[in-house]
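In order, the protein sequence lines correspond to chains A and B.
Under numbering that gives the first Met the number 0, think of the first position of the first sequence as 0, with each following residue one higher.
Under numbering that gives the first Met the number 0, think of the first position of the second sequence as 0, with each following residue one higher.
Worth flagging that the hints you see were computed from the coordinates, not collected in a lab.
Heads up, some of the hints might be wrong.
Derived CB-CB ranges, DEER-like [unchecked claim]:
1) Ala41/B to Arg170/A: 34 to 44 Å
2) Ala41/B to Ala16/A: 46 to 56 Å
3) Val254/B to Gly183/A: 46 to 56 Å
4) Gln199/A to Asp234/B: 37 to 47 Å
5) Phe18/B to Leu132/A: 14 to 24 Å
6) Ala16/A to Glu55/B: 33 to 43 Å
7) His269/A to Thr45/B: 47 to 57 Å
8) Asp234/B to His269/A: 33 to 43 Å
9) Asp234/B to Thr192/A: 49 to 59 Å
10) Ser227/B to Leu57/A: 28 to 38 Å
11) Arg2/A to Glu125/B: 44 to 54 Å
12) Val13/B to Ala58/A: 31 to 41 Å
13) Thr192/A to Leu5/B: 18 to 28 Å
14) Gln199/A to Gly59/B: 44 to 54 Å
Note that CB positions come from ideal geometry on N, CA and C, so glycine has one too.
Residue-level listing of the chains:
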Amino acid sequence: MRRVLALPGLWLALFLAVPFGIVLAMSFATADADRAPPVAFSLTLKNYALLFSDPLYLAAWIASLRIAATSTLVALLLGYPMALAIARAPRRRQPLLLALVILPFWTSFLIRVYAWMGLLADNGILNNLLKTLGLASAPGTILGTEWAVHLGIVYAYLPFMVLPIYAVLERQDRALLEAAADLGAAPWAAFVTITLPLSQPGIVAGCLLVFIPSVGEFVIPDLLGGTGTPMIGKVLWDEFFLNADWPLASAVAVCLLALLAVPIALFQRHHAERLR
Amino acid sequence: MSGGGLRLAATVLVFGYAFLYLPILLVAVYSFNESRLVTVWAGFSTRWWTALWANETLLGAAWLSLAIGALAASAASLLGLAAGWVLARARPFPGRTAFATATIAPMVMPEVVMGISMLLLFVGLERALGGPGRGLVTIAIAHATLAMAYVAVVVQSRLAEFDRSLEEAAMDLGATPFTAFRTVTLPLLWPAVAAGWLLAFTLSLDDLILTQFVAGPQSQTLPMRVYSSVRLGLDPQINVLGTIVMAVAASALIVASLLTRHRADGTAETR
Chain A
0 MRRVLALPGL WLALFLAVPF GIVLAMSFAT ADADRAPPVA FSLTLKNYAL LFSDPLYLAA
60 WIASLRIAAT STLVALLLGY PMALAIARAP RRRQPLLLAL VILPFWTSFL IRVYAWMGLL
120 ADNGILNNLL KTLGLASAPG TILGTEWAVH LGIVYAYLPF MVLPIYAVLE RQDRALLEAA
180 ADLGAAPWAA FVTITLPLSQ PGIVAGCLLV FIPSVGEFVI PDLLGGTGTP MIGKVLWDEF
240 FLNADWPLAS AVAVCLLALL AVPIALFQRH HAERLR
Chain B
0 MSGGGLRLAA TVLVFGYAFL YLPILLVAVY SFNESRLVTV WAGFSTRWWT ALWANETLLG
60 AAWLSLAIGA LAASAASLLG LAAGWVLARA RPFPGRTAFA TATIAPMVMP EVVMGISMLL
120 LFVGLERALG GPGRGLVTIA IAHATLAMAY VAVVVQSRLA EFDRSLEEAA MDLGATPFTA
180 FRTVTLPLLW PAVAAGWLLA FTLSLDDLIL TQFVAGPQSQ TLPMRVYSSV RLGLDPQINV
240 LGTIVMAVAA SALIVASLLT RHRADGTAET R
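If we strip away everything but chain A, and leave its shape as in the complex, we get (with noise of 0.2 Å):
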């Protein structure tokens, strides 16, 4: 048993536990673009100052989780009803239906979002097709804006939302709302008394596998977004490959690990528990 933990422990300690303390280290040292690499060491928490004082940063901060939460929520609104008519569907056609679901996720996340830039493009093929319907007569501007990234991180996480509430819903016992419908109360009330609570775990592991991601998303802002109010995966992104500051992109993942450290433990905690 100790062997076979070994190798993944040690894999885990040398390539996942062991960077996390050099990043907390870097966070405390100083840009220094005569050096390579471009750091001088020091002890200073100039870096997090900065991070927590500069309005510009702030703003990403609070950009980044008003995103991050506003899409979480449209995407329960919409992967709720889905999960459920999935739950509902015959059961042999339930495992067809699931995997279309899963699909999207695993053909290329950089490509779906390719997909939307030609969508929702100036002259793309939305604003074309509102023309042509003559629903549309000036093209509206989409790409470039927050509509286009909520819309972006719906499209590539909403997976993340159904299969979570999908393994719930399947679980549930049917008897419970023909007993239900046995003692009178209409299909809606039915849903809203036995079906919605009994999920609430599914919609919480959903949330969170939709949320945590989002938060620290970087390709759909960048293709998606504009040049407005930066999330802020973007700005640790843009703070290490265009301005070399390793000490304060660092400090930037130290707080964004911090930050999701509670949602990663709390999906822990529901991950071991389904298991169970």
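Position chain B against the provided structure of chain A, taking the given hints into account.
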């Protein structure tokens, strides 16, 4: 369910699947567009498909991505198999929660965080030990660390499904734990491991963010090339490439789901 309920459910599904699939389908359709303008239909043409075969930069990047994918998926399968087995079968040990969290955290952790931390490790290793140089090896290590989480979850769910009494019976009959694992557990487990390998392969083939951090200047993977091209705007060759990549990934997933098909009998685990 009532007739109205059925109709509502069908409508929900039609709209949901349309939302998921229409954008992808349009990428494929417009890869056959005559015009250089990706979003304006100007007639059917295969010129961009022919152009792609002559694009050696993209083809070279594709080969590198496939090599990294195979390497990373194999490492992730081995690591994920061990991790999944420990999580499903091992008696409680100190640090189990930490181990479980570390195993699945990469599934949800923002990739920029993993990316920067792994790069800093590799920079440190290079300075301390002189290697490994950034490129194929470092990218494969990063992808394996990310993908082993998915393999572990598949293996763990599979192990949770079947009775450990089989293994215990083997050991009661005198098999060593390793022999019991090799002759009893592994044959039951291999479809899950194979499915995990395919998932890891697809994940590696698609990864941009981790790769961008840990890649060296000489190693441009396919997603890196796609990303730098896409940043400059729409390009019909990317439509072609996207269509191929999605077809490959979809085939891998279909094979993976056929391998774990026994789950579909209704009593079994759903991911």
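Hint-by-hint comparison with the structure:
1. Ala41/B to Arg170/A: 34 to 44 Å: At 51 Å between Cβs, range violated.
2. Ala41/B to Ala16/A: 46 to 56 Å: holds, 54 Å
3. Val254/B to Gly183/A: 46 to 56 Å: Holds, at about 50 Å.
4. Gln199/A to Asp234/B: 37 to 47 Å: holds, 45 Å
5. Phe18/B to Leu132/A: 14 to 24 Å: holds, 19 Å
6. Ala16/A to Glu55/B: 33 to 43 Å: Given range 33 to 43 Å: holds, Cβ gap about 41 Å.
7. His269/A to Thr45/B: 47 to 57 Å: At roughly 48 Å between Cβ atoms, Thr45/B and His269/A fall inside 47 to 57 Å, so the hint holds.
8. Asp234/B to His269/A: 33 to 43 Å: holds, 41 Å
9. Asp234/B to Thr192/A: 49 to 59 Å: Between Asp234/B and Thr192/A, where Cβ atoms are some 53 Å apart, the hint holds.
10. Ser227/B to Leu57/A: 28 to 38 Å: holds, 31 Å
11. Arg2/A to Glu125/B: 44 to 54 Å: violated, 30 Å
12. Val13/B to Ala58/A: 31 to 41 Å: For Val13/B and Ala58/A the Cβ distance comes to about 40 Å; the hint holds.
13. Thr192/A to Leu5/B: 18 to 28 Å: holds, 22 Å
14. Gln199/A to Gly59/B: 44 to 54 Å: holds, 50 Å
The earlier numbered hints that this structure contradicts are 1 and 11.
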